[in-house]
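Spelled out, the chains give:
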Amino acid sequence: MSGLSRLSIKRWVGLVLLGLLLVLAVGEPLLLNGDPNKQNLSAGLISPNVQYWLGTDQYGRNMLARIAGGLRISFLLALFCVGTAAVSGVLAGVLAAWQRGWIDITLNFIANTILALPGLVLILIFAALIPGSFAMLYLAISLVLWVEFFRVVRALTLPVISGPQLQSSQILGFGPVYLFRRHIWPAIRHDVFSLAAFGAATSIIAMSSVGFVYVGLKPPTPELGLMIVELFPYYHEAPWLLAEPITVLFMLVLGFHLLADKPQ
Amino acid sequence: MRNQKQLVLTVFMVVLVAFMTACTPQQDPNKIIVSGPFEPINLDPASTGYIFSRMQVLETLVDVGNNGELLPGLATSWLSNDDFTQWTFTLRQNVYFHDGQPMTVEAVYKSLAVALGKPTPFAKNILTNLEIVSPSQIRFTLNQSYRPFPSLMSNYSMAIIAPSSFGTFNRIKNLVATGPYQIVHFEPPHNITTERFEQYWGEPAHIRYAEYITGHRAETRALMVRTGQADIVYNLDPAAVNMLGNESNVTVHSNAIPRTTLIKLNIGNEILSDRSVREALSLAIDRTGIAEGILRVPGVEANQIFGPMMGDWHLHNLPPPATHTQRANQLLNEAGWQKRDDGWRYRDNQRLTLNMITYANRPELIIIATAIQEQWARIGVELNVQMENVSAIPSGHADGSLQTALMARNFANIPNPLGIMLADFTSKAGGEWGPMNWSNPAVFSGVRTLSQQTETEQASVQIANILKQIHQDLPLIPVTFYIQQTATSARVKNFSFDPFERSFRLSAMRLEHGS
Amino acid sequence: MAWSVGTLTFVLVRSLPGDMAYKIAAGRYGEDAVTIEAANAVAQELGLNRSALAQYTDWMWNLLSLDLGNSLVTGAPVIEEIRIQLGYTLTLAALAIVIAAMIAFPVGILSGLKKESVVNKTALVSSTFIRSQPVFCLGLLLIFCFAMELNWLPVAGFGGPSYTVLPVLTLALSLAAVSNRLITNNTRRAVTSGYFHFARVKGLSQRRAFVRHALPNILIPTLAFMGIQLIGLIEGVIMVESLFAWPGIGHGLSHAVFARDIPMLQGTALLMGTLFVLVNALVDISQYVLDPRTRDQEQ
Numbered sequence: 001m002s003g004l005s006r007l008s009i010k011r012w013v014g015l016v017l018l019g020l021l022l023v024l025a026v027g028e029p030l031l032l033n034g035d036p037n038k039q040n041l042s043a044g045l046i047s048p049n050v051q052y053w054l055g056t057d058q059y060g061r062n063m064l065a066r067i068a069g070g071l072r073i074s075f076l077l078a079l080f081c082v083g084t085a086a087v088s089g090v091l092a093g094v095l096a097a098w099q100r101g102w103i104d105i106t107l108n109f110i111a112n113t114i115l116a117l118p119g120l121v122l123i124l125i126f127a128a129l130i131p132g133s134f135a136m137l138y139l140a141i142s143l144v145l146w147v148e149f150f151r152v153v154r155a156l157t158l159p160v161i162s163g164p165q166l167q168s169s170q171i172l173g174f175g176p177v178y179l180f181r182r183h184i185w186p187a188i189r190h191d192v193f194s195l196a197a198f199g200a201a202t203s204i205i206a207m208s209s210v211g212f213v214y215v216g217l218k219p220p221t222p223e224l225g226l227m228i229v230e231l232f233p234y235y236h237e238a239p240w241l242l243a244e245p246i247t248v249l250f251m252l253v254l255g256f257h258l259l260a261d262k263p264q
Numbered sequence: 001m002r003n004q005k006q007l008v009l010t011v012f013m014v015v016l017v018a019f020m021t022a023c024t025p026q027q028d029p030n031k032i033i034v035s036g037p038f039e040p041i042n043l044d045p046a047s048t049g050y051i052f053s054r055m056q057v058l059e060t061l062v063d064v065g066n067n068g069e070l071l072p073g074l075a076t077s078w079l080s081n082d083d084f085t086q087w088t089f090t091l092r093q094n095v096y097f098h099d100g101q102p103m104t105v106e107a108v109y110k111s112l113a114v115a116l117g118k119p120t121p122f123a124k125n126i127l128t129n130l131e132i133v134s135p136s137q138i139r140f141t142l143n144q145s146y147r148p149f150p151s152l153m154s155n156y157s158m159a160i161i162a163p164s165s166f167g168t169f170n171r172i173k174n175l176v177a178t179g180p181y182q183i184v185h186f187e188p189p190h191n192i193t194t195e196r197f198e199q200y201w202g203e204p205a206h207i208r209y210a211e212y213i214t215g216h217r218a219e220t221r222a223l224m225v226r227t228g229q230a231d232i233v234y235n236l237d238p239a240a241v242n243m244l245g246n247e248s249n250v251t252v253h254s255n256a257i258p259r260t261t262l263i264k265l266n267i268g269n270e271i272l273s274d275r276s277v278r279e280a281l282s283l284a285i286d287r288t289g290i291a292e293g294i295l296r297v298p299g300v301e302a303n304q305i306f307g308p309m310m311g312d313w314h315l316h317n318l319p320p321p322a323t324h325t326q327r328a329n330q331l332l333n334e335a336g337w338q339k340r341d342d343g344w345r346y347r348d349n350q351r352l353t354l355n356m357i358t359y360a361n362r363p364e365l366i367i368i369a370t371a372i373q374e375q376w377a378r379i380g381v382e383l384n385v386q387m388e389n390v391s392a393i394p395s396g397h398a399d400g401s402l403q404t405a406l407m408a409r410n411f412a413n414i415p416n417p418l419g420i421m422l423a424d425f426t427s428k429a430g431g432e433w434g435p436m437n438w439s440n441p442a443v444f445s446g447v448r449t450l451s452q453q454t455e456t457e458q459a460s461v462q463i464a465n466i467l468k469q470i471h472q473d474l475p476l477i478p479v480t481f482y483i484q485q486t487a488t489s490a491r492v493k494n495f496s497f498d499p500f501e502r503s504f505r506l507s508a509m510r511l512e513h514g515s
Numbered sequence: 001m002a003w004s005v006g007t008l009t010f011v012l013v014r015s016l017p018g019d020m021a022y023k024i025a026a027g028r029y030g031e032d033a034v035t036i037e038a039a040n041a042v043a044q045e046l047g048l049n050r051s052a053l054a055q056y057t058d059w060m061w062n063l064l065s066l067d068l069g070n071s072l073v074t075g076a077p078v079i080e081e082i083r084i085q086l087g088y089t090l091t092l093a094a095l096a097i098v099i100a101a102m103i104a105f106p107v108g109i110l111s112g113l114k115k116e117s118v119v120n121k122t123a124l125v126s127s128t129f130i131r132s133q134p135v136f137c138l139g140l141l142l143i144f145c146f147a148m149e150l151n152w153l154p155v156a157g158f159g160g161p162s163y164t165v166l167p168v169l170t171l172a173l174s175l176a177a178v179s180n181r182l183i184t185n186n187t188r189r190a191v192t193s194g195y196f197h198f199a200r201v202k203g204l205s206q207r208r209a210f211v212r213h214a215l216p217n218i219l220i221p222t223l224a225f226m227g228i229q230l231i232g233l234i235e236g237v238i239m240v241e242s243l244f245a246w247p248g249i250g251h252g253l254s255h256a257v258f259a260r261d262i263p264m265l266q267g268t269a270l271l272m273g274t275l276f277v278l279v280n281a282l283v284d285i286s287q288y289v290l291d292p293r294t295r296d297q298e299q
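Residue numbers (my numbering), protein chains in the order written: chain U, 1 to 264; chain X, 1 to 515; chain F, 1 to 299.
Treat the hints with care, as some may be off.
Unchecked claim - Capping the alpha-carbon separation at 20 Å, the derived lysine to aspartate or glutamate pairs in DMTMM-like fashion look like this: (1) LYS10/U / GLU45/F; (2) LYS38/U / GLU512/X; (3) LYS121/F / ASP191/U; (4) LYS173/X / GLU80/F; (5) LYS428/X / GLU37/F; (6) LYS115/F / ASP261/U; (7) LYS218/U / GLU388/X; (8) LYS493/X / GLU512/X; (9) LYS124/X / GLU80/F; (10) LYS118/X / GLU37/F; (11) LYS110/X / ASP83/X; (12) LYS218/U / GLU374/X; (13) LYS118/X / GLU80/F; (14) LYS31/X / ASP274/X; (15) LYS173/X / GLU187/X; (16) LYS468/X / GLU457/X; (17) LYS173/X / GLU203/X; (18) LYS339/X / GLU279/X; (19) LYS38/U / GLU364/X; (20) LYS38/U / GLU187/X; (21) LYS339/X / GLU382/X; (22) LYS10/U / ASP191/U; (23) LYS31/X / GLU187/X; (24) LYS10/U / GLU237/U; (25) LYS468/X / ASP274/X; (26) LYS218/U / GLU364/X; (27) LYS118/X / ASP32/F.
Hints are computed from structural coordinates only; laboratory data are not their basis.
Just need the whole structure built from these sequences, with the hints factored in.
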C-alpha cells in the first residue's frame, strides 16, 4: 500500500469526501432504514428535525432516505459505467496499438463515429429509447466514456510497444499477459486512474443532466438531477430542500475531480 | 502590471453595465403579455387552433358561455329539422377577415370542408353532407339524429378562416381569420404577437397589442408575472400559487374548469371485470389527501365523472367520497383475493398486480399515481406505474394492452356533455379517453334516447338515471376535479377567466397606465 | 459523418418503444386531441405504414439532395426550423466564448505571473467550485441570484438583450473555469522558461518580453484546448437552452427526442455533428497559422 502514502493532499481530500458520501449512501438504509418513496401527504415540507434529519419533501417523503438513495444510484452508475468503459477501453486501446492493421482501423472508425456526436446528444437519444431505464443510461454513458479510454491508452501504448524494453522481453519469450503487466500497465496506470475518476464525475453529471430535462430516470426514483427539478418550485417555501441535492451532487463531483488529480 | 489590472477592471465594468441596462423592465402600455405552457407549433387550426382561439385570432360559428350554454358566434342562429338529422346555420352579416375580405358563405363552406378533412377531437362519421343553401346559410346533413350537434361547431378545429389562408393542397400558409386580434408575428413554438383588428364585427379590443410567450416550466411562469415580464400567466402549479399569494402586485385567480382526473379501467381485464374489485380500488383512494397534500386545493375530491359546474350532468345528492380501507379489504376478500404474508393479495396463486399508464404533460398526474400506488399497496394491490407519452393511452386503448391509466380528461372540447356521452358511453368500444370494454345496455340505450329528448324536465330525470347507473358500475374511477390557477399583474383590469378555456378574453381587458 | 449520424438516429428512433403515429399525433394535436383517428390520419399522411427500409432509403436519397425533410410535428421544413434555431444558438455560443475569453485570459495570465497572489487563489477556488457542478446547477444559482433575489434579469425566454445575459454568463463561466487554469499553467511555464529569461537578460522590458516571447507560447496550446472545450460548449448549450427556454438547437433537440420527430432529430444531431467537425478543423487551421513550427514541418 505504498501508493496510498504517496497520494497528494488533494487526492486525500477527495477520498475522504467520497468516503463520507459512501457511508451516508450505504449506512442510511442499514441503520435508519428510511423508505425514499414512502409518502405522508399530511407531513410535507417539514424542516430538518430530530426525526427527519434533512426534513421532508412536498409529499412528506424522508429527504435523508431520498438523498441516500440518490447517492446509491449515482455511485452504482459511476461504478458500472467506469468499470465497463475502463476495461473495454484499455483492452481495445492496447489491442489496437499492438496489432495495428485492420483492427486498429476498425476500432478507430468506431471511436470517430461516436466522437462525431457530442456525448450528451448520444446519451439523450439512448435515454429516450427506453424511458426511465437505468440500463440504457448505463449503456450510453459507457459508450461515450469508452472512447476516451481507448484513445488515451492507444496513444500511450504505441511508444511502449515499439520501445526496447518490451521488445527485449518479447524476445525472451514472455507471454502477452506478462508483457502487459510488466511494461504497458505501469505506463498507462496513472492516466487510467485519472480518467476513471473523471469518468465517474462525467457519468454522474450526465445522469443528473438527463434527469433534469426529464429524459432520464422517472419519478419517484430519487435521482439527484430529477430531485433538483422537482424541488425547484418549492425553493420559496423550503430552500433547504433544493440545497440538499445540489450540495450532495456538488460534493460528489468535487470528490471525483480531486481524486483525479494526477501526481506531478 | 497596471495594464492587466486595468483590463480586469474594464471587463468588470462592461459586465456591470450590461447588467444595469438589462435591469429596467419595460412595460409597454399598449401591449399585454400572456404566458402559458401551450406550444404553438404551426398555423393549422387542427393542431394549434386551441391557442389561436384563446388569443382571439380564430372564431367559430358557435360560441360558449361561462356555464357551457351555446351563444351566437359567427352564426347568429341555427335550426334543426324534427329528428335532429339536418342542421342549418345562419351566418352573421358584415363580418370581415383580417385581409379585409368579407366572410361569404363560400368562404365558410371552404373553411369547414377543409377542416372536416383533418383529425378533429370529435368523431366525424355522423356527417354525410355539407351544402350552401342560401347566400347566408349553410346546412349539415347527418346519418343519425344528433341533438348536441351545434356544440361541435364551437370546437377550435371548426374555426372559420379566409380563402387566402390556403396554399397549395389546401395547406395553411397564413392564418387569416375573423377575431378581434390578427397575427403580426409568429415564431413557433415560442411566441405569437397579435395586433388589434380594426374591422372587427364586434366591440374592438381595448389593448392594441397582445403577445403570447410559451413558458415551459410552471415556476418560470410564476416568476415572469412576479417580475413584470408577463401580465397574465396560466396553469400555475401549487408551489407557485403559494409563492405568489404573498405578492402585493399579483392576484391569483382560482377557477373550476370542466376537467376531471380519472382512472381509466380496462373492464375486459379479468381482475377489473369484477365490480367489487373496482369498488375496493375506489374506496382505497385517499382523495382528500391528494386534494390537500398534492394539489393543495381543498374540496376538489371527485365522487363522479362530471364536476359541479356541469349543470344537470353533476349529481348533487351523491355522498362525498370517503376512504374506507376496511371495507375495501373486505370486498377483496369476498372476491377471492386473499392477503398473504408478503402483504400482497393472491387468487389461485396469481398475484393482484395491475399496470397503470400515466403521462408527463400534467406534472401532478405522476405524483397522484405514486400516491395511489401507495394507497393501493395498503390493501394488498400491487401497482406498477409507467410514465409514458400521452399517446400511450389511446394507443393502449386501441390495441387492448392498457390495464389502468390515470388521466386528466378534458370535457371542454365538446361543451355539451351529451356529445361526450354519445361518443364514449354508447358501445362496448368506449372511448380512448373514456371507458374501455365496459358494457351496460341500459346506459347505452338511455344515452341514445336522450339524444332525441327535447323536453328539458324529462331529460334531467333521464340524465340523473344514467349517471346513477354509471356511478354504481364504476367504469371509470373519479379522483379529483380541476381548479385552474391563473395569476395577473396589478395593471391588468377587467380580467375574466373562460372556464371552457376557449379564449383568454384579452379584447375585453384594459391596462392601467402609470404605476 | 452525416451518414453515420443519420443512420444511428434512424435506427435508434426506429427502435423507440410505442407506436410512432400516436406519438406524433400527440405532438401535433395536443394532449386532449390524441385519438385513434388522429393517429391513423398521421400514419397515412406520413407513410409510416411502409417498411422501415423504404423509409430509410427515402431519407438517404433526400439527404443526398440536401433535403432534410419536414418536421413530423409542425409540418414545416426541417432546414427552415434549424436555420432559425441555429441563429439563436450561434449568438449564445459566440457571446459565451467572447465573455469566457475576456474572463479567462486576464485572470489566467495574472494568476500565472504571480503564484502567491490573491487573484490566483481566488481563481483556483472559484474554478474548482464551478467545475464541480453540472452546468444546469450553475445556471440555477445565477437565476436565484440575479433573477429571483435581485430581480435584475428575466428568468427565462428571449426577447431582448437582457434575456441573453444569464444564459451567456452561465456558459461563459463554465468555459472560463476550465480555460483560465490552463492559461495560468501555460503562463507559468512560459515565464519560468529559458527563452523568457534570455529575453529579459537581453535587456527587453518585462512587458515587451512578455508580449513578444511569452504570449504566443500561451496562446497556441490554449487555442488547441479551446477546440476540445467546444465539446463541453455544445453539451452546455443543450442544458443551458433547456434551462433558460432559449429557442436554439439544443432546445429543439430535446423537444424532438420527446415528440419522436425523426427528421428534426436527425437534422439537429447532424448539424451539431457538422458544427463539431467544422470547429475542430478551424482550430487546426488557426493553430497552423499561429505556430510557425507546424509550418516548418510541412516543408
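Hints, one by one, checked against the model:
1. LYS10/U / GLU45/F: Judged against 20 Å, a Cα distance of about 61 Å means the pair is violated.
2. LYS38/U / GLU512/X: violated, 49 Å
3. LYS121/F / ASP191/U: Judged against 20 Å, a Cα distance of about 26 Å means the pair is violated.
4. LYS173/X / GLU80/F: With a Cα-Cα distance of about 14 Å, the restraint between LYS173/X and GLU80/F holds, given a limit of 20 Å.
5. LYS428/X / GLU37/F: holds, 17 Å
6. LYS115/F / ASP261/U: holds, 19 Å
7. LYS218/U / GLU388/X: Holds - the C-alpha atoms of GLU388/X and LYS218/U are around 10 Å apart, at most 20 Å.
8. LYS493/X / GLU512/X: holds, 7 Å
9. LYS124/X / GLU80/F: violated, 34 Å
10. LYS118/X / GLU37/F: Distance ~10 Å between LYS118/X and GLU37/F Cα, so the pair holds.
11. LYS110/X / ASP83/X: Given pair LYS110/X, ASP83/X is violated - Cα atoms ~27 Å apart, limit 20 Å.
12. LYS218/U / GLU374/X: At roughly 17 Å apart (the allowed maximum being 20 Å), GLU374/X and LYS218/U satisfy the hint.
13. LYS118/X / GLU80/F: The hint is violated at about 24 Å.
14. LYS31/X / ASP274/X: Answer violated: LYS31/X to ASP274/X is near 57 Å, above 20 Å.
15. LYS173/X / GLU187/X: Holds, at about 14 Å.
16. LYS468/X / GLU457/X: Holds, at about 17 Å.
17. LYS173/X / GLU203/X: violated, 28 Å
18. LYS339/X / GLU279/X: Holds. LYS339/X to GLU279/X sits at ~18 Å (cutoff 20 Å).
19. LYS38/U / GLU364/X: Holds, at about 17 Å.
20. LYS38/U / GLU187/X: Violated. LYS38/U to GLU187/X sits at ~44 Å, over the 20 Å cutoff.
21. LYS339/X / GLU382/X: Distance of about 12 Å is within 20 Å: holds.
22. LYS10/U / ASP191/U: The hint holds at about 16 Å.
23. LYS31/X / GLU187/X: The hint holds at about 17 Å.
24. LYS10/U / GLU237/U: violated, 37 Å
25. LYS468/X / ASP274/X: With a Cα-Cα distance of about 18 Å, the restraint between LYS468/X and ASP274/X holds, given a limit of 20 Å.
26. LYS218/U / GLU364/X: holds, 14 Å
27. LYS118/X / ASP32/F: With Cα atoms ~16 Å apart, LYS118/X and ASP32/F stay inside 20 Å; holds.
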